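Turn these sequences into a full structure, and let the hints steer you where they fit.
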Amino acid sequence: MNVIVASTYYTLYQSEKERSFYLDFGQKMVRMSLCQLLALRYKVMSIPIEDHFDGDLNKHGFEVLLLCNKEHLFVLNTYEILDLKQFVEQSFVALGLSAEAETVTI
Amino acid sequence: MTKPIDMKDIARQSMSIKVESMDLLNGQIKMEAHASATYLAMASWCEQNGFFTSAKFFYKQSEEERGHMMKIFEFLVDTGGNPVSPEVADINHDYASIVDVFENTLEHEVKVTKSIHNIVKKARELGDIATERFLDWFVLEQVEEENTIRDILDMIEVTGTEGVGLQMIDNQVASWIK
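Top line first, the protein sequences correspond to chains A and B.
No gaps in the numbering here: position 35 of the first sequence is 35 in my numbering, and each next residue is one more.
No gaps in the numbering here: position 87 of the second sequence is 87 in my numbering, and each next residue is one more.
Keep in mind that the hints were calculated from the coordinates and are not lab data.
Predicted model only: the values in this text are computed from it and were never measured.
Note that CB positions come from ideal geometry on N, CA and C, so glycine has one too.
Below, simulated SDA-like cross-link-like pairs (lysine to any residue); rule was C-alpha separation at most 25 angstroms, straight line: (1) B/Lys178 to B/Met168; (2) B/Lys8 to A/Val30; (3) B/Lys30 to A/Ser46; (4) A/Lys85 to B/Glu20; (5) B/Lys71 to B/Lys114; (6) A/Lys17 to B/Lys8; (7) B/Lys71 to B/Ala89; (8) A/Lys85 to B/Asp23; (9) A/Lys43 to B/Gly27; (10) B/Lys30 to A/Tyr42.
Some chain B residues near chain A, calculated using beta-carbon distances under 8 angstroms: (11) Met7; (12) Lys8; (13) Asp9; (14) Ile10; (15) Ala11; (16) Arg12; (17) Ser14; (18) Met15; (19) Lys18; (20) Val19; (21) Glu20; (22) Gly80; (23) Gly81; (24) Asn82; (25) Val84.
Below is the structure:
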């Protein structure tokens with residue numbers, strides 16, 4: 001497997017043999033198709049991170065993330081969510097599916 | 001940070017457009033769904049206020065907007081993207097008059113046009129030719145949509161709203177039901 005992107009808490013791998021991706025969450029490795037990666041991106045980008053800094057909107061500073069058709073459940077704290085948001089963006093840049101790649105490399 | 005050149009491009013093989021285009025198209029799906037719901041609310045207003053032909057016009061418009069939404073939805077499926085079923089909220093059901101209804105319709109169509117033009121421009125910037133070409137149909141469709149509503153508003157102005165004017169206006173809307 002080849003490493004695509006790594007961050008403080010996460011690493012994304014590509015498996016050519018299985019034509020899929022593996023996301024290492026630290027405590028768990030999750031196999032994902034591109035569709036599932038896109039679904040993860042949508043979920044992560046939809047998390048209102050501002051709420052983590054408002055005691056009324058998010059009292060505990062945690063997010064529950066259900067992935068791959070409810071096969072996996074993660075409870076992530078603010079640091080992990082912040083890192084995940086950045087990690088997901090960087091992953092799509094590295095995969096060549098986000099145009100940010102051109103902006104970053106120029 | 002970027003993947004080695006000799007690696008298989010599994011991601012690109014699975015998806016033909018950029019995620020930025022996908023996000024904008026998902027936004028457009030939401031906008032078309034909102035338009036469809038708004039036209040249904042307008043149909044409801046017309047039914048309740050005795051503008052039965054205009055109600056038919058708005059039922060048809062509502063269906064058409066849903067058709068637009070599905071066209072984008074299917075494009076995202078075809079390109080390997082992640083289409084999102086939209087949440088629709090804040091539908092206005094209050095209108096001061098039939099003129100107000102059609103003026104709001106034109107305003108709505110102009111917003112949709114601007115949004116489509118914006119996606120075309122962004123797709124061009126991204127070099128996303130597939131999305132740009134896909135939206136060609138929408139650009140021309142919006143010209144037609146805006147023109148229809150402008151023609152109706154012109155007809156309303158010529159007819160006038162005094163006396164039997166309102167009834168005549170409602171009858172004449174039939175000419176624009178496709």
